[in-house]
Each structure stands twice: as C-alpha cells, then as structure tokens.
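Go by the hints and put chains B, C and D onto chain A.
Line by line, the protein sequences give chains A, B, C and D. To convert, note that position 103 of the first sequence is 103 in the numbering used here; the numbers rise steadily by one, no gaps. To convert, note that position 195 of the second sequence is 195 in the numbering used here; the numbers rise steadily by one, no gaps. To convert, note that position 208 of the third sequence is 208 in the numbering used here; the numbers rise steadily by one, no gaps. To convert, note that position 9 of the fourth sequence is 9 in the numbering used here; the numbers rise steadily by one, no gaps.
Read the hints as simulated data drawn from the structure, not as lab findings. Treat the hints with care, as some may be off.
[Unchecked claim] Taking lysine-lysine and the PhoX-like style, the derived pairs with C-alpha atoms no more than 25 Å apart in a straight line are:
| hint | chain 1 | residue 1 | chain 2 | residue 2 |
| --- | --- | --- | --- | --- |
| 1 | D | Lys173 | D | Lys99 |
| 2 | C | Lys319 | A | Lys210 |
| 3 | B | Lys340 | D | Lys16 |
Just so it is clear, the structure is predicted and the values come from calculations on it, not from any experiment.
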Amino acid sequence: MPELTIDGRKVSVPDGTTVIEAAEQLGIFIPRYCYHPGLSTAGNCRMCMVDVENSPKPQIACNLPATEGMVVETESEQARKDRAAVLEFLLANHPLDCPVCDQAGECDLQNYYMNFGLYDPRFSEQKVKKEKAVEVGPHVMLDQERCILCSRCVRFTDEITKTGEFGIFNRGDRAELGLYPGETLDNPYSANVVDLCPVGALTERSFRFKARVWYLSSTKSVCGGCSRGCNTDLHHVTDRPHLNDAERLVRVKPRFHAQVNEWWMCDEGRYGHGWIDRDRLGEVRRRTDEASRRQVESDWDAAENALAPALAAANGRLGVVVSATQTTEELFSVREVLGERFGARIVVAPQAPGGKGDDFLIQADKAPNRAGARLLGLSDAPADGVESLVDAAIAGELDSLWVFGEDLVELVGAEKTRSLALSDCLFVYAGTNDNPTVSLARWVLPTAVPVEADGTFVNCDGRVQRVGRAFAPLAQARECQRVLCELASRAGVADAPSWSTTAEVFAAIAKSTDAFAGMSFESLGEQGALAASREPLAEAGTP
Amino acid sequence: MIEALLIKLVVASVVFGGVLNLAGLHTWVERKQSALIQDRIGANRAPIFGFKLLGLFHGIADAIKMFTKEDVIPRGVDRTLHTLAPFFSVFFALVAFAAIPFGPQLHLGERVIDLQVARIDAALLYIFAMLSLGVYGVILAGFASRNNYAIMGGMRATAQMISYEIALGIALIGVLMVYGTMDLSAAVEAQGRTIAGGWIPLWGVVAQPVGFVVFLVAALAETKRLPFDLPEGESEIIGYFVEYSGMKFGMFFLTDFLETILVACLATTLFFGGWQIPFLQADGFHFPWGTEIPVANWLYVLLGVTSFTVKVLAFCFVFMQIRWTLPRFRYDQLMDLGWKGLFPIAVVNVLVTAGVMILLGGQG
Amino acid sequence: MDSTTKTTEQAAVDGAGLETREMMLNIGPAHPAMHGIVRLVTKLEGETIKDVDVEIGYLHRGFEKMSENVDYNGVIPYTDRLNYVSPIINNVGYCMSVEKLIGISVPERCQYVRVILSEISRVSDHLTCVGATAMELGAFTVFLYLIKAREFLWELIESVVGARLTVTYCRVGGVKSDLPDGFSERCHAAFAETRQAISESRGLVERNRIFTDRMEGTGVLSEEDAIAYGITGPFLRASGATYDVRKDCPYAVYDRIDFDIPVGSTGDNMDRFLVRVEEMEQSMRIVEQALVDLPPGPIMADPETGRAIPAAEMVDLAKVGDIPAIAGGCAVAGPTLEGTGRADKASISTDEKRVTLPPKEDAYGNIEGLMRQFKLVMMGHGVRPPQGEVYFPVEGANGELGFYVVSDGSGSAYRVRVRPPCFAIMSALPKLLKGDMIADIIPTFGAVNMIGGELDR
Amino acid sequence: MAVKVVQRPQLTFWEKLYIPQVLCGLRITFRHFFRNLFLHIAHRFGRRTGERAGVTYQYPEELRPLFSRLRTRHRLMVRENGAPRCVGCMLCETVCPAKCITIVPDEHPDPDVEKFPVRFDINLGVCVYCGYCVEVCPEDAIRMDTGILDIAATSRDAMKLDIHELMNPQLRKPVASCELDFPHQCEVHGGEVRGSWTQPAAVAHEPRMKPSKLRTSDLDSRSSA
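Only chain A is shown next, with the shape it has when bound in the complex (with noise of 0.2 Å):
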C-alpha cells in the first residue's frame, strides 16, 4: 500500500496502482485521451502529464505507478504548460470542423482547451487533410482528419470484441486510423467506439446530425433490449420537436456498472429504441358493436365505464396475458388487481424463439424482465399457457381476455386471435405499441412505455435496477398500475389499492414478495440491488 501525495494531499493505494487512478480517488481530475480503465494502457496522447518530485522530466500519469512516498504536482506551472503544449500538438491537425461535429459539446478537445489548454494559437502552417466521412460500419462514421490517434478504438476491437478491424497506419502526421482492407466495423459492439473517442473522429451514423449534444436532457435507465439489464443514459430531447424527426429519445448511451456492463453495450440494444416514438398506441379505442371490426377512439372515462362492470362480474371467468417486457410494477399490479382482487388467471407470454445470446453481454432472452416476473410468482410453466387460455377463451369459458403487451398473433397465430376477436369474450388489449392484435381487440388501451413511466426491471443476475422516466407518456397513454388502480376503485371493489407513485407499488412490493424484502425503490439507486431468491435464475453469466 504505497502513500503518495498529489497536490499536497496524501493517499495511499494499492500496489500497481496508477498515479491517474490515485488522483482520482482524491477527485483530482487529469486530463487523458488515450487512458481508459476497461481498456490496456497505451500512454500515446501525453496529456496527462504531470510534475513528479526528483524526476527530470515531466511523467505520464496513466503509466506511471504509484509508488511510496511519491510527490505529484498536477497544477504545477510546469505541467500546465506542458498539457498546452501536448494539446497544441494534438491540435494541430485538427480540422475546424466543431461547426458540423456531432461530438462538439461532448468533445475532449474542447473540454480539454477550456480547461487546460487557454493558450494563444500559433498554427501556422498548412494542416494535412485526411479523409472525410468515412463509413466504417453500420453504426459508425470516421473522420479521419479529427482522430488524434489516441488508439482507444484500436485496442477496443483488439482486447473486448477481439475481431480487430482498426488499426493504425503510416507514420508521422500522416498516420491515420482506418479499417484493415475488406474488414468493416460490424461486430455486434461497435458503436462503443464511439462513446470511446474523446474526440469527434468516431461519430455515430444514426445520431449524425440529428441534434446537438447540448440539448439533450439526460436520465439514467436500464436497457430493455434484453435480459442483461444494461445501464444506459438515455439522451433525448422534447423542446424542439424539429429535431431528431419529432422523436423524443434521441439517442442511447451506456453507463458504467461494474457488475453489469461496465462501459459497454451492444448495439442491438443501443438503436433498438425506436419503437418508443414509433407506431404508438395514442389513444383509447373500442370497437363499435360485437360483429364489426371498426375501432373508434373513444376517452379513458367511457373505458372504465364499460371495462368496470365487466371486472366486477368476471369472478373468475377472466384472463390475462402479461408480457416479460412490463416493468416489475406493471406486473405486480396486474397480479394484485387483476389476478387478487378478480380472480384472473394470469400467464407469462413465452420467451420468442430464435433469440441468440453470446458470451459477453447479449442475452437470447430478449425480454428485460422475466426473472422480475418469475420473482413475482406469474411464472410461464406451461410453454402453451398463452393457447390453452385463448382456446378457453374461444370456447366461451372466460368472460374477458387481457393481453398486456403481447402479439397475440405472434403467440397463437392469426386465425386463433381472429376467432378470439369474433368470440362473445370481452378481448381486452393494453400495451404500448401497434401491431396485428390491436385491431382485433374490443378495448384497446395505451400505455406507457418504461421510459414514460418509472419502474425496475430484475435483470438475468437477479438484479433489481430502476428504469428512470424520462418525459411524460405520450398522448392519452397511462401508466399500466394507475389504470388498474382506477378499475379496481371504479369496480367497488373494497380494498383496492391507491398507487400514485411507482415507490408506492416497489414497496407493497418489497411488502408482499420475500426475494425484494428490504428494498425500497430509492435504495436501489443508481446501481440496483440482487434479488434475494433461493430459485436458480434464467442460465447466464457475468460478464
């Protein structure tokens, strides 16, 4: 456990420790670009300088380990000017491209100019040009001209996805980052080359140009790509609707966890978000009498009208189809209102065939939540429990039919949901987004997707995380528990609940459900809490 100083404040570390991860145990920040802790060190940008007691020269602080007794000066007279002169190099070069830069608001350069550099430019000389707008891959765009070979990406590709499509070529200030001939940038992890690059030379193909950084309103989420339960930020924008094609979340962003995903993320998670302003249900609709197919919008106020009645009577006539995708919250209330208070049978939809996982973060089961709705005891047992209850359905065994979520088309085929629809059953649908069900159902009533709505998810690990709610739900849509809540009051029924917030729900939750006993919605945080359960969780691994 060596001591050092840095700055005038001691600490001391653990052998091997760098001297750019002491200081920031000490909260002091030293600027790097080619330094990233998930990734080996390099040490070729030089930025991080810094003054050592006894040494001649001036150190790398992300190389440099940390050794007893050690002096480190960052803010020295010395080491500013020799942070100016390295960003003055790095600078050089570089194009004066901030005004059509994806990065320029989130950018190192920047950053780094205002906060260290603030040295009077005296470039002079004709800058090299590179190439311009390069797609390496699906997802990403290089420009060549911003790189500052700081190699992060190339050693990303070497050390995490192993497929080692960049590297870096020629020598001096031609030297140039570029694709191996006839590779391109397509692993299934690409774009975290580009939250990677300090720098603007690394851009994504889907964000370019749809807005600028320093617009975007920030909430920390959990992806719901699959059941790995990444940490994400969630970028998006609401105040300029001319942005971005009108939709509201711009942009998906990793955030770190250590157990979790570290600072990684697939990119099938990352752009599979765009379900969220698309195709969604937006009001309340009902079909206008039992033989024809016609939906009209219809209110809230005449939905639970005629939906309250039919609750009442079912007594046990009632069904209920949840999907693994609802947030932990939205599950538990179906169980309690639907399944406690009526007497629902209430069945998981199946996990979609033909999902495949790797062994890094990608899980084959693609719905966010199936350990959460395992945890809540609505297990999917019967692999034909969604057929089986539609068949009942269809025979004229359940008054009503409750899909949450789920294509019933999907699950059962066409021609069951179809009789389904033409069946006296009162076919209820809730959920987010269009697809073939809803025009079938006699009640269609939107909901809100977890970004519109707070919630947690309980990812393959069993760990509890928090979806954060990014902007209010769209339209008409309603949270999943609040109409539940309104059905049960509107039903008489007499102890039905009063949820008004998403903690409320976590913690009849945590109440009622021993593997969340003990939690509370604002204890969970920002890095989640494990479920406590003696039931083995879906197969899976850490990363």
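For chains B, C and D alone, kept in the frame of chain A given last:
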C-alpha cells in the same frame, strides 16, 4: 323682397361656408405650422389623384374619418344631452359669425349690400351672448358623459369661460366708449379715421392698447386653447369630450377652430380696423402727404374683404404660434390670472379711458 | 395625515350642511400622463388630491426569473428593456456585477467606452424626462426640440452599438465592439446640437412664469424624507443630498474624471428640472473628458494588423487547412461585427478566455478559437462564475441601479435581483402628491421619470 | 466632491407679467418657423440643399442614412455556387435569447461542407435583434446588414422567414420562384416552396454516405479556385 332674401342667403352661405372651410383649413395650418416650428415636415400624405398639395387634403381625410367612425355612446350616459352637446357647441360658435362685418358696403347698381350676415345694432352683445351660450355645449358634454374626467373638464371649462368673459367684456367696454357704438360695422367705420395729422389710423389697438392685451388674453382663454386648454388638458384630465367619438368629437374639435377664428375676427374688427386699410377711404387712397388715388367701389370692397381676411389669418397664425410656444396654466393659477390680473386691469383701463375721454372732450 | 383630516373637518364646517363627497379618480393605467403602465387611484376634493394609491405591476416582464433560465450573456438583451431610455447603463451595471462575481476586470479602454456610452445614455434619458415633463405641461415644442437632440445621441449610439434602443452592447468581460472611426467628431457635433436644443428649450420655459408657477413648490420632498424612502439619483439630489454612485462609490473610471454633482435646495419639481438639465451638461463634460483621456486602442497604436481577408474566404481556407494563407490576416466580417476583430478585442474585452468570445480571426481561422467560441455558446458550457453572490451598483439615469447576482457555479445565475431606482421614488409618490392639485400630478410624475420596464421588471 | 447647487430662476417684475417671456418664447418659435419655411421654399428651387429644414425623414420614400453597424433584417450568406454558407451548427439557435431560430440540418454531398440546413427559419415576430446570432456564427453565414427595416407583415406566418427569404432578401412571401441552388431542388407551388423540408432532400434519396475521394493533391486546385 325675394331678391333681398336671396342676397342675404348668398352672403350667409359665403360667410358660413368660408368660416367652416377656414376651420377645416386650420387643421392643416395647425399641423404644418407646428411642424415648421418643431423642425418637422408635418402631414404631407393623403393624395388625391397623386396630388398631395403639401398634405392639404388631410382635412378632407379627417372629415371622412370622423364621419365614418363609429359613434360610441357609452352606457349610462344621458343620451339626449350627450347627443345635443356637440351641436350646441358648434351652433353657437357658428351663429356668432353672423354679426361680423367682413367688408365695406358693396354697391351693386343702386342696391347697397352689407357684407355682413346680419347688421345688428347690439352686435357685440349678440356675440357675447353666443359665446356665453357656447359654455352649455361644454358643460352638457361633461355632465352627460357621466365620467369623472369629463365632468372635471366641464366644470373647469365653465369656470374658465365665465371668469374670462367678465374680463373680456370689461376690456371691450373701453372700445365701446371710444367708438360709442355696439354695432360692429359702425365700429369698423369709426376706425377709418386717422389721428396725428392723418399719419396713424385710429384703430382700436392704438386707442386701447391695454384693452387689446386684456382682450387678447381673455379671448384666448375663451377659445380653450393653450396656454388655457385646461378643460382639455390632454395629459391631465383629457377633457370634457373624453366620451365622444366620431363626428361628435369632430364637432368639438371644429368648435375649437371656429372659436379661434371668431376671436381673430373680433380682434380684427375691434382693434385692427376690421376691413379698413390705412389711408383708404370709400373713394380712394388719401395719403397724408397729399397724394390721392381714386378707387372704384368694387375694388374698394375687394380690398376691404382682402384686408379683413389677411388680418384674421394673421391673428389665427399668431394664436397658433402661441399655442405651440407656451405651457399650460394650472387651474388655480388661471383663476388668479383672470380675477386678480385681467379683471382689475380691465376695470382700471375703463376708468382711465373714461378719464382721458373726458379730458379730450368726449371724443377719442 | 393630521392636516388632511383637518381640511375635511374645515370643509364640513364651511359647507354648513351642504353635502360634499370625495371624488375617486383612476388615473391610469391607460392615461396619457402615465407613461409606462401604472395606475394612480386618487381621492379628490375638487381639484385637490386628498389621497393617492399607486398601483404598479402592469408591465411585469419576469426579468428576474428569465435571468435564471439563460446563460450570463443571455441576460443582457433583457437588461436593455429595464430602463429602456438609457439601456447602456443597465448593460454596464449587469456586466460589471457579473465581472465582480467572476473577479475579472476589463481593459481601461473598455472602461472608458462604457463610461462614454453610459453618459450619452444618461443625457438621452434626461432629455426624455425633461422633454416629457414639459410636453405634459403643454409645451410640446420643448419636447420635440429635446427629442430631436436625443435623436442625435441615439445615432451616436447606433454608430457604436448597431441599435438605437435595444442595444445589447456590453458583454460579460467587455463590450461588443470598439468605437468606430470618427466617433469623437460625431460626438462633438451631436453635443453641439444637444446643447443648442437644451438652450432653446430653456429659453422657452425656464423663466416663463407659467412654467415656473407649475414647477415651483409642487411635489416637495425634504432631504430626510427622500433618504428615508431610499430615493437616489437626480430626485434625491434635487432635495439637497449629494449622493451619487459615481462619486461615492466610483466604478469604471469615474474617479479620474472631473465633474460636478448638481444639487437642488428645496426639493420641488423646479429643482428636479434644473438638476436634470445641469446633469446633462455635466454628462457631456464627462464624455468630452473621457474622449480626450481614452487610451488608444491597438488599432491606432499599431496600424499593421495584417492583410484584410473576407470572413467567408477565411472560413473556407481554414476549413481545408490552408492556415498559411490566413495566418496573421484580419477578418473582414459583416458590418454589424465591425470593431470585434483581434485588434479591437484586446482593448475592449478582458483577456480571460473562459469569459469572452474570441476575436473573429480566431473564430474563423483556427481550431482553438473555434472551440472557444463553441464552449462559450453551448448550453451549460459558457461563462461560469464561481459560487457566490455580489451586489454592484451603478448610477443609472434615475438613481442607483444595482444588480444582485447569486451564482451557484453553473452556467446561469441562481438569482438575479435588480434594485431599480424608480421603485423607491414611486413609493414616495403618495407623499409627494397629497395636498397638491390634480394638475400637479403631471410635473411631479414627470420628474419621477417612471420607467415601467425597470419598475415592474 | 464638487457640488454645484443649481440656480433657481428669480423672475424679475417684468418677467412676472408673462408678456416678456411669451415674446421671448415666440421669438424662438418664430425663428424656427421662418427659417424652416425659408429652407423649404429654397429647397423647392434647389437652393441651400445642404441645410435640412426638418430633422425628420419621409420614411418610405426617404431612408435615414443607416450606420453600417445597424442591425437590420437577417440574411444568410450564399456560397459562390448558390448554396447557403450555413452548415447548420446551431450555435445561433442555441444562443438566441428569443428562441426564434429553427434549423434542421442534413448531409451535404461535399465532404468539406458535410452539413447544411434544409430548414432555416427565423421568426421575426419573436426576434429581438440582439445580433447574437451574427456574433456567434463561426462560418460568417448569417448577417444582419440588409438594411431592411420594413419587416411588417399582415400575418404571423408571414413574419416567419424561411431559408429562401433569408438567402435572397428580395424574396418575400409568397415566394414566386426559387433560384437558389441547394444540394436539392425546390419546387414552387402557388407561392409555397416544397421539396426541401416536407420531402427529404434530394441527396437523401441517394445513399446517405458517400466516402470522400478528396485527396491532399486536390487541395491546391481547390484553394486556388
């Protein structure tokens, strides 16, 4: 008989038409004159077939605007009085002109025509009466509007007009004494005389300089224009016509100008020799150095009418100039000036005049 | 209060049973004399004012709240609209408070420029106030003569600032642009016109008894009362106090300039009129001295500022990396950006790179300048004063104009509070008006020079 | 501290009689009146045109000489090939205190430009003419030097300038024709310009990315051109 009536009709229409047009022209003069004083250019639009004539048509545009504007009668007003008030104002201002002689007698064949709508023996009294009645329009407007601002304006106007009429009347007593008549034509004719060996015409301003000043001030106050525009006082109480719009407002506006012209006519008639031109008598010029130029009657009349018009316009011009030069009095200061300033001066003036006349043996 | 009740009793005795009632008169909010928007609820006995209730708030713009939602430079256009008759003083006051918060000072030339334009603004403000007062007393010609003079001053401002009223001229850490060529000559010419107009206007009213009667003895406020009400500026000085921020707490370069503080003796409207008239003369004196003392900008010291390159060409060359072609050149940007180039920037803005935009040459021609430009403009990246709070007063045209700025270290102010000089005067208005006649509202209110923009914020 | 007590006017007896000061005032007003009258007449005959008879201007016919720095209606600068100089960096949209600028950028076929605005609107009904947009523009793409002051319109929509009106200040709504050379073509239908922002730009129909073929050797010819 019919012929005489026709002639009266023609004269009357010439007078009233002329006066009304002059009032309309006043709006243009007011705009242009103030513009020149204030280094501006003034209204110069409202073209008719591309002719702008320095914005002369703005008066017509104004008239059209006034007539076509919505005539708002606020809720709660006394409708009859509210409607009647502007007519009162304009009517009395207009009929007062009947007694003003604007030229010498015209000989048309053997017919002798007075260039005056009505030759009244007590013309001065008549004009005073009409001026006093004008106050009704104002007080009625203020009262009928049921508006605190309007009623204050009306009260101010009434007090002001009554106070200054006294000074005005007494100032004119001196003139009456000098000319010995209340007939304005006779007064004008009396001003044709000369004194100092025929060098100076015996105009009222010569005989009654103090009376003239008092008259001018009091008369300005009668017209309710700056510096005596307290009843309007657009930045204080807006005025008695605050609840008027359209042509009814226009009529108050018109009254203002008519009264200005009336006062200019009176000042001309009583103090500046009316239609008289120095050294010009009915048969021609008689210069004190002996030269005589005979002048035909039609030319004499023409010169007389021109002389009268020029003098009236000059007075209007001066009034306008004063209006754009001075700030406004305060109510109590105005009353002070009227009762403690003008009234005693006018009285003293009468006494002095009487004394002088006695000394000079009854003739001025 | 005692005197009021006494007069009522007296009136009751005099009236001998005749019923008299107070008249309520709402003066404003839509009334020709209530420039800006304000309402005086008056109780009248005849023409005499027995009681006044001043009602403000008709022009609430939410300045202080808006200031919390934009970055520090974004507030400046809002300050233009505080006292919209002398906007540059507001600009200066706000910018100097933020500069104090950051702890930077601006170059000397910039300070002189600020003083010069502040004083020109003060003259134009007083011209408006005096002229409007005269106009409302009926002397319309005086108003137009003074407004004519103001026009010359506004043209002067336009030639520097690029706008006449909504100036948006000062920046945190400097001003937008340097004085243009020939400013000094134009300034002297404009002052000659102004002096001529003022002397003509004085000739029209100052010794005219109608005017002096209206002004003397009306709206009297003693020195003690004025201080007790927190009144500052010409209104206070007319009452005899000598407080002037420029002298008592000098900012910019006022301590180096010789000028007098005109004070009155009786605190009536006549004194206020005379103090304002004299202040205009003093302000012009300040400007004339400042123009002489103005440290030469580099433009004058060093004519070798490099080859002139059209801005567009510079951008295009820099874009393809042809830095040698533009190195050392001076950018010729649009005319509205005159006086913002590298040569001027050094003398009109602080050299603190984290506060002021780079000179045009840097923004167009090199990556460092471009990045600086971006960092200062992007939301949440711009000027970030350290945590703290600061109050900075300047002498506005109506009195002490202070900005109290609280920073939480983020890119926009946590709280901005203005101390508008009008507010204190307006609160003294009932005291000024009680017992006077209704017509006295006009000169008194005129002398208050109420500016709705700063009163209601 | 230099304090100067102002001298209150002490009126003499004659001045208290009003008349002398009235005459004094009349002298001033008459002087202006006759001087201006004389000058107006002289101007009619083409004399003494150096002296102005009034300080006012006959606005629509006669424009006040504007100082070069005066901020007037905006315009977007145009490249030699007719395309906008603007690259859609949105600094102006960001800095605008009135939030009156709306920009939608898109890909430009020239890799040295990369980005250009398919939509650039300024709502002049909201603009406060602070000039911040000009000041922050890193491309010299927007200027406020058109000298256009008469921006009045009869509807709020007409106060919203689109990119056509901004690039060519002569154009006013309804736009009769579009001569502007964008990377896409605009079509005018009854004064309404379509094809630029309702329909995706022409370049968007092609493959969105075109790898640049620009080499350093091309540079010399480019910069000399």
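Structure-based check of each hint:
no.: 1; hint: Lys173(D) - Lys99(D); verdict: holds, 22 Å
no.: 2; hint: Lys319(C) - Lys210(A); verdict: holds, 22 Å
no.: 3; hint: Lys340(B) - Lys16(D); verdict: holds, 14 Å
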